[in-house]
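Student: Counting along the sequence shown from 1, when you hit position 294 you're at 294 in the UniProt record's numbering, and nothing is skipped either side.
What the hints contain is simulated information worked out from the structure, not anything from laboratory work.
For each residue, glycine too, the CB sits at the ideal point set by N, CA and C.
It cannot be assumed that every hint is accurate.
Distance windows between CB atoms, simulated [unchecked claim]:
(1) His275 / Glu190: 18 to 28 Å
(2) Arg280 / Ala205: 43 to 53 Å
(3) Ala204 / His350: 47 to 57 Å
(4) Ala356 / Gly211: 38 to 48 Å
(5) Ala54 / Gly211: 38 to 48 Å
(6) His285 / Arg207: 41 to 51 Å
(7) His187 / Gly359: 31 to 41 Å
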Amino acid sequence: MPDAHSSPDLPPFPFPGSSYRGPAPLFARLRRERPVVRVRWQGGGHAWLVTRYADIKAALEEPRLSRAAAYAPGAPAFSGLFQAPPGMIISVDPPDHTRLRALAEQAFSPGRIEAMRPRVRELASRLLDLLEGAAKATGGPVDLVASFAAPLAMTVICELLGVPEADREQFHTWVRQFADVSAPPEHSAEGGKRLGEYIAGLVAAKRQTPGDDVLSALAAARLRAPRSAQGPGAPADDALSFDELVALGFTLLGAGFDSSAGQLANVTLALLADHPASWRHLGEHPEDIPAAVEELLRTVNLNGNDTSGLPRIATEDVVIGGVTVPAGDAVFLAFPSGNRDAAVFEHPDHVDLRRAGPGHLAFGHGIHRCLGAPLARLELAVALEELTRRFPGARLAVAERDLSWRLGDVNHNLLALPLHLHL
């Protein structure tokens with residue numbers, strides 16, 4: 001077997017060949033032969049790449065693989081990689097993460113998200129009314145990205161955060177700028193700066209005049225002081241600081257808009273391009289949509305570089321999959337590769353919309369499991385219910401090879417998805 005500590009035969013990472021259809025083909029060989037391998041980063045430097053499902057889950061549970069250490073002076077740096085700002089919930093370790101998560105879950109609970117279902121359906125239906133009207137008026141195709149996926153995701157997250165309607169177009173522009181890792185770093189930094197300033201102003205307003213939104217609920221969230229500390233002079237109940245509220249706003253925004261809009265367009269493309277019969281079936285049998293959503297999350301690859309894009313740093317020597325990763329080295333976890341692991345999923349490259357079995361890794365695992373997973377599931381389910389019910393004859397208006405993708409983004413994001421809504 002080849003030495004797992006060297007990879008002169010491998011191309012620089014990220015590997016070529018990744019798409020929304022799945023991770024780069026090379027991952028299949030790595031899962032078989034070198035599931036934990038040291039790779040060269042395309043802009044210089046090295047990192048360890050973990051490709052098997054079980055090893056990825058074990059790494060996500062390993063406290064010696066630190067997210068916070070990625071921001072320490074002298075930590076490995078990777079050019080062209082989007083790096084979440086420090087202090088965000090996805091950028092810290094316990095006990096700081098434990099505290100932030102406990103406070104955030106009070107406001108961003110599954111119950112609160114489920115209560116949004118009627119509103120999400122109302123928004124989806126209204127957007128599809130406009131989409132169908134445009135199709136009838138022109139007799140031509142309509143763009144699902146610009147007219148449905150992006151505005152649905154943006155409206156939902158903006159209503160969730162309490163962003164006024166008049167500000168949402170500018171908000172969208174800054175989000176796109178912030179997520180663009182192909183431009184000079186100062187371009188993304190400027191988008192992040194503008195977003196940060198806006199969210200800071202929004203947080204200040206919600207603290208002053210709370211509303212019925214998640215930012216207001218986050219500002220009101222409290223952790224009770226330990227019983228042993230209660231009494232005169234005891235510390236007050238714990239709350240999120242101003243900066244922590246701003247950072248959480250950033251986190252929810254990224255997951256709630258860019259990822260949700262991108263995945264909605266991608267799963268629609270996957271169904272219409274490869275599974276048109278299943279599209280029609282789901283329109284007639286909406287009860288099958290929840291299972292279909294899980295299988296589509298497993299098989300449709302949102303990750304632009306086939307990992308979460310969030311490096312972890314070994315704080316001491318740690319063994320992963322039988323390979324020792326030295327202290328100070330960076331580790332990337334290939335979630336899309338884990339989702340194609342034959343040791344876990346029977347016929348892993350086959351899309352089975354009724355598949356039952358072990359959970360996928362699309363939302364991660366462990367303490368950093370995606371806080372926005374309930375919202376993503378709800379939006380995908382509602383959108384597919386409405387799309388397949390109303391437009392059973394929908395089809396691509398151009399050949400799949402002629403579709404354009406937003407190059408350099410964190411995710412595989414379509415520039416447009418032209419559809420004919422009816423046969």
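Student: Which hints, by number, does the structure contradict?
Tutor: 1
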